[in-house]
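For chain A, the structure is supplied; the task is to place chains B and C on it using the hints.
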Amino acid sequence: MSKTHVTTTINGEPAEFLAEAGLTLLDALRDEVGLTGTKEGCGSGDCGACSVIVDGRLVCSCLMLAVEAEGSTIETIEGVATGDTLHPLQRKFIEYAALQCGFCTPGFLVAAKSLLEKNNNPTETEVRFWLAGNLCRCTGYDKIVRAVMDAAAEMRGA
Amino acid sequence: MPKVVISGSTCRAFTGGVSELEVTADTVGRMVRELDQRFPGLGHHVAEFMAVAIDGVIFQDAYSEKLPEHAEIVLIPKIGAG
Amino acid sequence: MTYIGNKSDLRVVGTRPDRPDGVDKVTGRAIYGADFRLAGQLVGRILRSPHAHAKIIKIDTSKARALPGVKAVMTAQDMPNITSEESFVGEGPTNFRDQSLNVMARDKVLYEGHAVAAVAAMSPSIAEAALALIEVTYEVLPHVIDVEEAMAPGAPILDETLFTAGVDPKPTTPSNIAKKIILKSGDIDAGFAKADIIAEGRYVTAAVHQAYIEPHACVATIGADGQATVYASSQGHFMIRAFCAKLLGMEISNIRVIPLEIGGGFGGKTIVYLEPVALTLSKMAGKPVKLVMTREEVFRASGPTSGAVVEVKMGAMKDGTIVAAQAVLKYQAGAFPGSPVQPGLMCAFAMYDIPNVHLTGYDVISNRAKVAAYRAPGAPISSYAAEQVVDDLARQLGMDAITIREKNAAKAGTKTVYGVTFPEIGYEAVLAAAKSHAHWKAPLGKNQGRGIATGFWFNIGGESSASVFVNEDGSVSVVSGSPDIGGSRASMAMMAAEVLGIPVANVRPIIGDTASIGFTNVTGGSRVTYATGMATVQATEKVIEQLKQRAAMIWDISPDAVDWKDGQAVPAGANAGGFDPLSLAAIAAKAGKTGGPIGSEVSVNAQGAGPGFGAHICDVEVDRETGQTTILRYTAIQDVGRAIHPSYVEGQIQGGAVQGIGWALNEEYIYDAKGKMDNAGFLDYRVPVASDLPMIEAVLVEVPNTRHPFGVRGVGEVPIVPPMAAIGNAVRDAIGIRMHSLPMSPPKVRKALDSGQG
Numbered sequence: 001m002s003k004t005h006v007t008t009t010i011n012g013e014p015a016e017f018l019a020e021a022g023l024t025l026l027d028a029l030r031d032e033v034g035l036t037g038t039k040e041g042c043g044s045g046d047c048g049a050c051s052v053i054v055d056g057r058l059v060c061s062c063l064m065l066a067v068e069a070e071g072s073t074i075e076t077i078e079g080v081a082t083g084d085t086l087h088p089l090q091r092k093f094i095e096y097a098a099l100q101c102g103f104c105t106p107g108f109l110v111a112a113k114s115l116l117e118k119n120n121n122p123t124e125t126e127v128r129f130w131l132a133g134n135l136c137r138c139t140g141y142d143k144i145v146r147a148v149m150d151a152a153a154e155m156r157g158a
Numbered sequence: 001m002p003k004v005v006i007s008g009s010t011c012r013a014f015t016g017g018v019s020e021l022e023v024t025a026d027t028v029g030r031m032v033r034e035l036d037q038r039f040p041g042l043g044h045h046v047a048e049f050m051a052v053a054i055d056g057v058i059f060q061d062a063y064s065e066k067l068p069e070h071a072e073i074v075l076i077p078k079i080g081a082g
Numbered sequence: 001m002t003y004i005g006n007k008s009d010l011r012v013v014g015t016r017p018d019r020p021d022g023v024d025k026v027t028g029r030a031i032y033g034a035d036f037r038l039a040g041q042l043v044g045r046i047l048r049s050p051h052a053h054a055k056i057i058k059i060d061t062s063k064a065r066a067l068p069g070v071k072a073v074m075t076a077q078d079m080p081n082i083t084s085e086e087s088f089v090g091e092g093p094t095n096f097r098d099q100s101l102n103v104m105a106r107d108k109v110l111y112e113g114h115a116v117a118a119v120a121a122m123s124p125s126i127a128e129a130a131l132a133l134i135e136v137t138y139e140v141l142p143h144v145i146d147v148e149e150a151m152a153p154g155a156p157i158l159d160e161t162l163f164t165a166g167v168d169p170k171p172t173t174p175s176n177i178a179k180k181i182i183l184k185s186g187d188i189d190a191g192f193a194k195a196d197i198i199a200e201g202r203y204v205t206a207a208v209h210q211a212y213i214e215p216h217a218c219v220a221t222i223g224a225d226g227q228a229t230v231y232a233s234s235q236g237h238f239m240i241r242a243f244c245a246k247l248l249g250m251e252i253s254n255i256r257v258i259p260l261e262i263g264g265g266f267g268g269k270t271i272v273y274l275e276p277v278a279l280t281l282s283k284m285a286g287k288p289v290k291l292v293m294t295r296e297e298v299f300r301a302s303g304p305t306s307g308a309v310v311e312v313k314m315g316a317m318k319d320g321t322i323v324a325a326q327a328v329l330k331y332q333a334g335a336f337p338g339s340p341v342q343p344g345l346m347c348a349f350a351m352y353d354i355p356n357v358h359l360t361g362y363d364v365i366s367n368r369a370k371v372a373a374y375r376a377p378g379a380p381i382s383s384y385a386a387e388q389v390v391d392d393l394a395r396q397l398g399m400d401a402i403t404i405r406e407k408n409a410a411k412a413g414t415k416t417v418y419g420v421t422f423p424e425i426g427y428e429a430v431l432a433a434a435k436s437h438a439h440w441k442a443p444l445g446k447n448q449g450r451g452i453a454t455g456f457w458f459n460i461g462g463e464s465s466a467s468v469f470v471n472e473d474g475s476v477s478v479v480s481g482s483p484d485i486g487g488s489r490a491s492m493a494m495m496a497a498e499v500l501g502i503p504v505a506n507v508r509p510i511i512g513d514t515a516s517i518g519f520t521n522v523t524g525g526s527r528v529t530y531a532t533g534m535a536t537v538q539a540t541e542k543v544i545e546q547l548k549q550r551a552a553m554i555w556d557i558s559p560d561a562v563d564w565k566d567g568q569a570v571p572a573g574a575n576a577g578g579f580d581p582l583s584l585a586a587i588a589a590k591a592g593k594t595g596g597p598i599g600s601e602v603s604v605n606a607q608g609a610g611p612g613f614g615a616h617i618c619d620v621e622v623d624r625e626t627g628q629t630t631i632l633r634y635t636a637i638q639d640v641g642r643a644i645h646p647s648y649v650e651g652q653i654q655g656g657a658v659q660g661i662g663w664a665l666n667e668e669y670i671y672d673a674k675g676k677m678d679n680a681g682f683l684d685y686r687v688p689v690a691s692d693l694p695m696i697e698a699v700l701v702e703v704p705n706t707r708h709p710f711g712v713r714g715v716g717e718v719p720i721v722p723p724m725a726a727i728g729n730a731v732r733d734a735i736g737i738r739m740h741s742l743p744m745s746p747p748k749v750r751k752a753l754d755s756g757q758g
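Residue numbers (this note's numbering), protein chains in the order written: chain A, 1 to 158; chain B, 1 to 82; chain C, 1 to 758.
One or more of the hints may lead you astray.
Here are the in silico distance ranges between beta carbons for each label pair [stated by the list, open to error]:
1) A:Pro14 / C:Ala66: 46 to 56 angstroms
2) B:Leu21 / C:Pro50: 34 to 44 angstroms
3) A:Glu68 / C:Met695: 50 to 60 angstroms
4) A:Lys118 / C:Met695: 17 to 27 angstroms
5) C:Ile670 / A:Glu68: 26 to 36 angstroms
6) A:Gly71 / C:Glu139: 33 to 43 angstroms
7) C:Asn6 / A:Asp84: 51 to 61 angstroms
8) C:Thr630 / A:Asn11: 51 to 61 angstroms
9) A:Gly56 / C:Glu139: 55 to 65 angstroms
10) C:Glu139 / B:Lys66: 53 to 63 angstroms
11) C:Pro142 / B:Ser64: 29 to 39 angstroms
12) B:Lys66 / C:Pro142: 52 to 62 angstroms
13) C:Gly413 / B:Leu21: 47 to 57 angstroms
14) A:Gly22 / C:Ala438: 35 to 45 angstroms
Think of the hints as simulated: they come from the structure by calculation, not from any bench.
Just so you know, even glycine gets a beta-carbon here, dropped at the ideal spot from N, CA and C.
So that you can see chain A by itself, here it is in the shape it has in the complex (with noise of 0.2 angstroms):
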């Protein structure tokens, strides 16, 4: 089967890789690039494990296909934090033990990280609403959402 080649700049680096025509994107992510950080729940956009930026919008990896990120500028778990220096949310995410297995994190991470990028003072309602398409079992979701309304106000310097 053919493949297209895609160019992409993702968490800052130039990348590039091969694509079948009905590859994801989460799976060039995790397969072609080897980021597997970017999980895979459902394949169905219905989980948010597979949670990306992607030219600032956030999407569910599994229901984009690669070739479609050709030229566009992608940003993954494994681009949260700079250098060993973690993003306010990682570190609230473990202060607040707001991760169980841990599965779901990184898609929660992105997702919340993606929500303070537009509302940087989110109430409950508006933080649950927005992780509202990100699945977790262990958690219940109570120390997930404190940790993301903590990490806003550390991150709003109150």
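Below, chains B and C alone, put in the same frame as chain A:
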């Protein structure tokens, strides 16, 4: 002598309906052997699928556990779980 | 040794340090099942039955084998034909023949999604093309999905060799009822005769899935010498080794299982689906094979827990004393026997001291995926019915719902229906905490209601191994055999640090594979902090003994004259000599000169896990137009013995409660007329999302379990037991109608509001 209580129907099938008996054994392992001698097959069933509660505390696969003189030993299904 | 003593003396236990694997899990570095790859690995795919019940007449794999890029095609004929053998592995009693047939169907498919063949190929697209080329000839048979229809005379029989166990005389015709169990105490008829009031109800629950977010995944590789390595995410790598050895006729020593991070399990990853298939394909192809389930496969082919019909009748006297309780439980087992009806029976009324109890349970097979363990297996289903009937008793008597429970509460010395007399338990403490909580008295608005329900789980101990090593610089490694599913690395490190008297950051916990640590049972049954914690504490204590001996050697005094205090060796008294304390690092630096590396491994079979009790208070608002039930406030109170890391204990309680909320309001397996699952995806099988929920307040009651060095009780199972009844009672309070089936979804509530009957 320790008293063994058999509350489940599966074990009672081995004992012909007997639901309480005294044993001379002083450990769980010896009790399993004694039960098997008295009711062939029961020992194996207890060893593989049952837990014992000795005066209320549940033990699974604990042959060396002592049976106090007046202990009440209850056979219950082993607990697994999620 | 016990460290229960004074909580304020503890420096690490009871605090909330960062978890040791936290950074890996927030940066994407942690390697889960599907993240692992071996050089040259092939892509595996499984062909699954489109029919709920059919005979396999013929499987023709020749076209698939001929496809370029296909390296192996297998069916059940490529696995040993296992004879019936009952055993107790992992999550409960199991039959290896059934497990083998569940992994790959042989003569019959018993549910839609049942595996019938598998391929290994060079790429995903080739593997999928190969599946399409496998020709299976079926003879479709009548199927049965519903539990009571499966029990009825004339129902399609799944297994002609299955005769109901537990009935006398032994049946002569096969049945879908695998087992009938009776548990009783006292005299049920006399009990009801004594009762002033009776409450009863017939309750129906739907099959629900654990719905861990990570689908099952593994990579297996086997050499020409028969040496195999399996990399998998599961609740127990020793369990995987045991099943692979049995199902494939291999020696245990020839299988090494390396645990990868696990993305949730809740009981559902205590058995194998993929690993024996991947090993067989790897053997045929001579290359590593990776198998990953899709979400659809997880729903159709991996075990949910039982749906059930539960009939409960209870009688009480005017003063609220419950004098009789009776229940009939009919549990779906899926395609093979083994529903959790037994613990369902044992837990139904375990919270109460009732003199006359009669329980009947049925384990029933039907054309559904074989059930697997799910958090406190069996207990949520029977408690859902029993705790609503208790609520009805309280309503009839005009009595407070906590007061009736206090009046009948099980306590130390109460004899359960299964014969065991409770040791020290925390049920009364939990009820007292519920009664004094502000939530119980808070005002409610229109269309709002409040409910409470309680729950019980045994908790277990079992076999666990842990080793503790002091490294050359005085840092400490803790290796255990328990996969970390929700923070157990943190609790192991904390217990070791507490015993050693050092900061928890100096302790590095890891999970050992099957070849590098002693046998350890699955992470399940709320046993890890208890049993593996016990092994860790004992191994740490042995290390301290060695540290004292080394210090004694350095000081040239008797080991008895050395104490271990605050992370250092000190002379035991003035007579021992005036030596300056020796730190862990100082002793470690001299380890080579004083006898070699310092370390110890301990394996235990932990006994006496303390029973756990919880009470959940829930407020709901029901939208009378749509039938939608919204959870307004939720408080979960539980006796946890002692919390090692309170945040993760709260997390277990919050997570369990929310799974219960999903079970109560939304989740269910839906089948079409042909016996195919209609909602095998997260869009239509709706688990709770963040916007459905309020904060979940977890209240920790600590009645220490004296059998554990720190007083730990298992925590993870209990919180899924009360929610369904708590919400059912709250909905009853809000709309004045008792709902009798789960989920209490908007259409059902709407219908109940229209008809006046739930």
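Here's how the hints hold up against the structure:
1. A:Pro14 / C:Ala66: 46 to 56 angstroms: About 42 angstroms separates the Cβ atoms of A:Pro14 and C:Ala66, which means 46 to 56 angstroms is violated.
2. B:Leu21 / C:Pro50: 34 to 44 angstroms: About 54 angstroms separates the Cβ atoms of B:Leu21 and C:Pro50, which means 34 to 44 angstroms is violated.
3. A:Glu68 / C:Met695: 50 to 60 angstroms: violated, 39 angstroms
4. A:Lys118 / C:Met695: 17 to 27 angstroms: holds, 23 angstroms
5. C:Ile670 / A:Glu68: 26 to 36 angstroms: holds, 34 angstroms
6. A:Gly71 / C:Glu139: 33 to 43 angstroms: violated, 54 angstroms
7. C:Asn6 / A:Asp84: 51 to 61 angstroms: violated, 39 angstroms
8. C:Thr630 / A:Asn11: 51 to 61 angstroms: violated, 40 angstroms
9. A:Gly56 / C:Glu139: 55 to 65 angstroms: Hint holds: Cβ distance 56 angstroms, inside 55 to 65 angstroms.
10. C:Glu139 / B:Lys66: 53 to 63 angstroms: holds, 59 angstroms
11. C:Pro142 / B:Ser64: 29 to 39 angstroms: Given range 29 to 39 angstroms: violated, Cβ gap about 53 angstroms.
12. B:Lys66 / C:Pro142: 52 to 62 angstroms: holds, 56 angstroms
13. C:Gly413 / B:Leu21: 47 to 57 angstroms: violated, 23 angstroms
14. A:Gly22 / C:Ala438: 35 to 45 angstroms: violated, 56 angstroms
Violated hints, in rising order: 1, 2, 3, 6, 7, 8, 11, 13, 14; the structure is consistent with all others.
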